[in-house]
Each structure stands twice: as C-alpha cells, then as structure tokens.
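There are 2 protein chains.
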Amino acid sequence: MITNMRKPTFIVKQSLKIFCLLTGFAVMTWSFSFTKYIRGQFVNLNVLPERLKEYMYFMGRRLNGAYLSSLNKADNHDIPIIFIITPTYYRLVQKAELTRMANTLRLVKQLHWIIVEDFEVINLKTQEFFQSTGVSFTYFAQSKRSETNNHHRGADQRNAALDWIMVNHNPSMPAVIYFADDDNAYSLEIFQQMRYTKKLSMWPVGLSGGRTYETPILKDGKVIKFLAWKAEKRKFPIDMAGFALNANVLWTYKPMRFSTDADPGMLETKLLERCCTWAEIEPLADNCTKILVWHTRTEKPKVRMFDNVLEV
Amino acid sequence: MITNMRKPTFIVKQSLKIFCLLTGFAVMTWSFSFTKYIRGQFVNLNVLPERLKEYMYFMGRRLNGAYLSSLNKADNHDIPIIFIITPTYYRLVQKAELTRMANTLRLVKQLHWIIVEDFEVINLKTQEFFQSTGVSFTYFAQSKRSETNNHHRGADQRNAALDWIMVNHNPSMPAVIYFADDDNAYSLEIFQQMRYTKKLSMWPVGLSGGRTYETPILKDGKVIKFLAWKAEKRKFPIDMAGFALNANVLWTYKPMRFSTDADPGMLETKLLERCCTWAEIEPLADNCTKILVWHTRTEKPKVRMFDNVLEV
Numbered sequence: 001m002i003t004n005m006r007k008p009t010f011i012v013k014q015s016l017k018i019f020c021l022l023t024g025f026a027v028m029t030w031s032f033s034f035t036k037y038i039r040g041q042f043v044n045l046n047v048l049p050e051r052l053k054e055y056m057y058f059m060g061r062r063l064n065g066a067y068l069s070s071l072n073k074a075d076n077h078d079i080p081i082i083f084i085i086t087p088t089y090y091r092l093v094q095k096a097e098l099t100r101m102a103n104t105l106r107l108v109k110q111l112h113w114i115i116v117e118d119f120e121v122i123n124l125k126t127q128e129f130f131q132s133t134g135v136s137f138t139y140f141a142q143s144k145r146s147e148t149n150n151h152h153r154g155a156d157q158r159n160a161a162l163d164w165i166m167v168n169h170n171p172s173m174p175a176v177i178y179f180a181d182d183d184n185a186y187s188l189e190i191f192q193q194m195r196y197t198k199k200l201s202m203w204p205v206g207l208s209g210g211r212t213y214e215t216p217i218l219k220d221g222k223v224i225k226f227l228a229w230k231a232e233k234r235k236f237p238i239d240m241a242g243f244a245l246n247a248n249v250l251w252t253y254k255p256m257r258f259s260t261d262a263d264p265g266m267l268e269t270k271l272l273e274r275c276c277t278w279a280e281i282e283p284l285a286d287n288c289t290k291i292l293v294w295h296t297r298t299e300k301p302k303v304r305m306f307d308n309v310l311e312v
Numbered sequence: 001m002i003t004n005m006r007k008p009t010f011i012v013k014q015s016l017k018i019f020c021l022l023t024g025f026a027v028m029t030w031s032f033s034f035t036k037y038i039r040g041q042f043v044n045l046n047v048l049p050e051r052l053k054e055y056m057y058f059m060g061r062r063l064n065g066a067y068l069s070s071l072n073k074a075d076n077h078d079i080p081i082i083f084i085i086t087p088t089y090y091r092l093v094q095k096a097e098l099t100r101m102a103n104t105l106r107l108v109k110q111l112h113w114i115i116v117e118d119f120e121v122i123n124l125k126t127q128e129f130f131q132s133t134g135v136s137f138t139y140f141a142q143s144k145r146s147e148t149n150n151h152h153r154g155a156d157q158r159n160a161a162l163d164w165i166m167v168n169h170n171p172s173m174p175a176v177i178y179f180a181d182d183d184n185a186y187s188l189e190i191f192q193q194m195r196y197t198k199k200l201s202m203w204p205v206g207l208s209g210g211r212t213y214e215t216p217i218l219k220d221g222k223v224i225k226f227l228a229w230k231a232e233k234r235k236f237p238i239d240m241a242g243f244a245l246n247a248n249v250l251w252t253y254k255p256m257r258f259s260t261d262a263d264p265g266m267l268e269t270k271l272l273e274r275c276c277t278w279a280e281i282e283p284l285a286d287n288c289t290k291i292l293v294w295h296t297r298t299e300k301p302k303v304r305m306f307d308n309v310l311e312v
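Protein chains in written order, with UniProt numbering: chain A, 1 to 312; chain B, 1 to 312.
Since the hints were made in silico from the structure, they are not lab data. Keep in mind it's a predicted model, so treat the numbers as computed, not measured. Take the hints with a grain of salt, since some may be wrong.
The list cannot tell twin chains apart, which means a pair is met if one copy fits it or any two copies do.
Unchecked claim - No more than 20 Å apart at the CA atoms, straight line, and that leaves these computed lysine to aspartate or glutamate pairs for EDC-like:
1) Lys300 - Asp182
2) Lys300 - Asp181
3) Lys290 - Glu311
4) Lys302 - Asp181
5) Lys230 - Asp307
Sequences and hints are given; from them, build the entire structure.
Put into structure tokens, the structure is as follows:
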C-alpha cells in the first residue's frame, strides 16, 4: 500500500520538475530573443507582424512625461499672433512631416505652434527637434480622455491645446487660432491672410472631401452655400484646414471645445455652430478663388526591415 | 420591271437618310456632353473612368512651350551654389508638393532650383507659382526622349537639367548638384552640409528601399559597406536623395548622364560608377548617424468629384 501511494506522488513531482525546467527554458529563450529583437538588427524581424514591429520600434525611442514650452512670441507685437494647433501621433513618417511643416512655419512671423502628442508621454527626440527649429512652440502629451465616447482622432488633443491657450494667453492681445494637421500642405499666403480674422474666416481646401476642392460659394462677398461633401447635412461643411478663428471666441462663447461625441464629419460644424453664423464668415484667398491649402496625406511607408540604430 | 428596280433604291435612300440623321444627332449629343464635361460641374463625372477624368482635368489647365529662368544666384558669392534638380509631372498633388518644397528651399541661401516638367510643354500656372516664390529657378519641359528604351521615370528630365547646367554654369565657380524629388522631406541641415562637397558626399535616407532607412556604414570615417536594398548587387546602393556631387564632375568625367537603359534600381549606381570610388565618398550627417532626408510619398487623393473652376 505504501509503495503504491508513493508512486503517483513521485510521478507528479517529477512531472512538475520537468514542467518547471521546460517553462524556465522557454521563458529564457523567449526573453533573450526579445532583447535581441529590441536591439533590432540581430534577428530576422520579418517573421513578426507589421503592427507589432512598428510598435516595438516606437518603444525603443526615448519617451518622457515632460512638457515643453518655448514662449518666444515677441517677433512683432504690432500684429496679431497666430496659434497653430497640431495634433500629432507616432508613426514612421512623423519626424519627416513635422520637419516639412516646421520649414513652412519658420517663414511665418509672430506665430506660436502648439503640438499635442496623442500618447501618454511626449517623445524627447521630437522635443529636441522642435527646440532646434527656432520656431516658438509648446509641446505636450494628451492621450484620448476617458470620458470620450466616440473616436475622433485629434479632438481631445485640439481641446487640450484650446485649454492651454485659455490658461497662457492674455485675451486682450489679438490672436488667431488655426487647426493645422501635420500632413497637409500650406502656402505662406494663407497665414498672412488669416492673421486679421475678426471672428471666423474661411477659404477653399484642395483635395478635400473626395473632391478636387471644397469651398464656400459666395454671392456679393457673402457665403451662400458650400461645395463640399454632404454639404446639405452639415451647417459648416468645411475641413479643419479651411477656417481660422479669432481667439476671442474662446472667452465669449464658453465652452468652445470640440464635441468628441459628434457624428463623423460633424466635428467642425458642431464647433462653429457655437459661435458663428454664415453671415459672419469672412471669405479669404481672394474671395475663395484661390487654393492655398491642400489636404494631402502621406503614404504609410512599406517597411519590411526595421533598423533602429538611427532615429527616423 | 421599272417599278421593281425603283423600290430597293428608294428603300436604300430612305435608310441612308435616317442613318445620317441618327448619326448626326448622336455626334451632336456626344460632343455637347463632352463640352459640358470639360466645364466640369454640370455633368455627373462619376460615370467616367478615373484616369480619363484626371487627364481631362489636366488638359483644362493652361499650357505653354515657354521656358523660364530666373537666374538670381547672387545671394552670396562666397559660398558654393547648390543646384537642386527636380523632375516633376502633372498630378493632382503637384502644386501642393511644389509649394511645400518651395517653402523649404526658400530657407536655403545661394540655391538655384531646376524643375523639369515631364511633358511636351510647361504649365503656365506652375510657372507663375515659381515666380511668386522668390526662389531662383529654371523651369522647362522635357518629355521622355525617343531614344530611351527602358522606362526610368525622371531620368531624361534629370539629364536635361544636367545639359542645362553645362550650358549655363561657369565651371570655375564652385557648385554642387543634388537630385531632389518633389515628394520627399528635407531637413535644412542637409543643404548646409552638402554645399562643400569635394566630389561625392553621402548620408542616410529615411524610409527608403523598404527599410526604416538606407545608409552607408562607416569604419574610421570611410564607407565600408551599405545597409540598403540589394546592397550586394549594386556598387552604390543609395537613393537619389542620398548623395550630392560637385558640379566639376560634369566636365571631368564626360558624359555624366543617367543611363536610361539601366536595370531597375541601377540608375544611381551606373551614374556614380562613372566618376567615383568608395574611397572618395565623404560621409555627411555627422558621419551618417543622423537622418536628415526622408523618402516620403504622398497618397494619390481619392477624388470622386472633379471641379475645375479653381486650380488645385
């Protein structure tokens, strides 16, 4: 009886030992390959799924919760300041897009660029880049807020930038707000023109809404309708890149924030309905006859080999 | 007999009459709808195939065989001039890309931009745009040359630009040549660094060749190999955006032109083999440790509604 009792216990113990040994070995192998994976060039990364690769590449970058503002708005106090609000997020072309956009913004006087990273923390390399441009800027992180139901990419980030302006800007100083995404293309003329926006200014946007352009249609200098995607259903059927607001509206029509529960395509309309009517729209770009802004998109690069020795 | 003869003639004549009338009516209807199509917004264009629509839209733009050069290279005679060679072609995002690129080039001193339109004639609107930028430039058209066998997009245009330099530039004046496509992204640093190229300089290119970056690998400041697509098969496995040449090589190693019959991916190699060895490569971008140029591509916009009242 005693020997009979011993046998199963012995087998269980031995099995457990072997199981532990095997598990330990598997974990070690896995973690070792993982370390090598993080280092990049030593393993064949092509066996891993695309999304995971990109994410791992991202995690290899230096991150930080810091917040950086280089308030150097004193180019010229006689003209209104332009606040450019740019939500951004990590992807392989992020640095390229921000570089290209910074080159454009470098040419605009009295401008402050507020860039909001859609993540928990900012990227130190991106911050260093902004510091090197010489452009007056504020860079901070704002991930999607917990109370947000619907997913509007960039809405929480833009709202955080509006919060920032209300805390940091003195409303007695003239200022204009423009929501400029980092992948669009901007002519310099549009910045010169939007600077003196009294309340709400508008202009055509090229390659937007599945058309060659979307634009307000004028009669006697007033907006009478819009040439745009779903124009009949949206009161202000215009892309984010097609309007600028005088910063005063933030104080006059509280709360001027994007509704994150807006239906798709209604983000701009829901915001502008709070403060403005069609009669108040100032048409720019020579009475909406010129295209000075293009809603361009950059292709997601087809990367098969991920090397992360250099920062892209 | 006579009445029998008459009957078929009568029928044939009547049939011919009806046929002519119907054909005439069909031709008129078709040409009328075509005219309306050219005018754009009056007909439902969605029934036409995508390519035809874009082509028709293009033909509505003003074209001309003129050639324009604004030689205003006198920013600063103490530093070498940078010749930027950009082949371009008509597509919906052309103006947006050139606008973005001009904003970058505006910030570079002592630069002359040679833009070659891949078509029979230049586009007057594009020419007007270049004139408005204030950048020193030459703009002309060069379609694919008849002797070209293989199709290398941009090769004939780049060769035409090299011809232009040999005719218009005095080789005793220091100058550098850089082939910069209009869809890439450029940091300003790379222009500062390439300006003093002795013969051939190189640096990493981000998002190129299906990798996060392609780059020369150095040992003791000399190129020993390349991290690049098909690096083993190409002597200079580098993207067009990754090197600059001192203009002198055009006179020293005649003819320095792209071989339009080169195999795919061999364009850069075949050119550089004519003049240079690995030992002569000057590594830039802090010994190839920084990415200052990105091989970005812009998405072809999904346009369903073509309006051509405004120029995109």
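Hint by hint, here is what the structure shows:
1. In this homomeric assembly, Lys300 and Asp182 come within 20 Å of each other (Cα to Cα) both inside a single copy, at 14 Å, and across copies, at 17 Å.
2. In the homo-oligomer, the alpha carbons of Lys300 and Asp181 lie at most 20 Å apart both inside one protomer (16 Å) and across protomers (18 Å), since each shortest distance falls under that limit.
3. For the homomeric pair Lys290 and Glu311, the shortest alpha-carbon distance between copies (7 Å) is at most 20 Å, but the shortest distance inside one copy (38 Å) is not.
4. With identical chains, the CA atoms of Lys302 and Asp181 are at most 20 Å apart between copies only, with a shortest distance of 19 Å across copies and 22 Å within one.
5. For the identical chains of this complex, Lys230 and Asp307 are inter-copy neighbours only, at 16 Å across copies versus 44 Å inside a copy, given an alpha-carbon limit of 20 Å.
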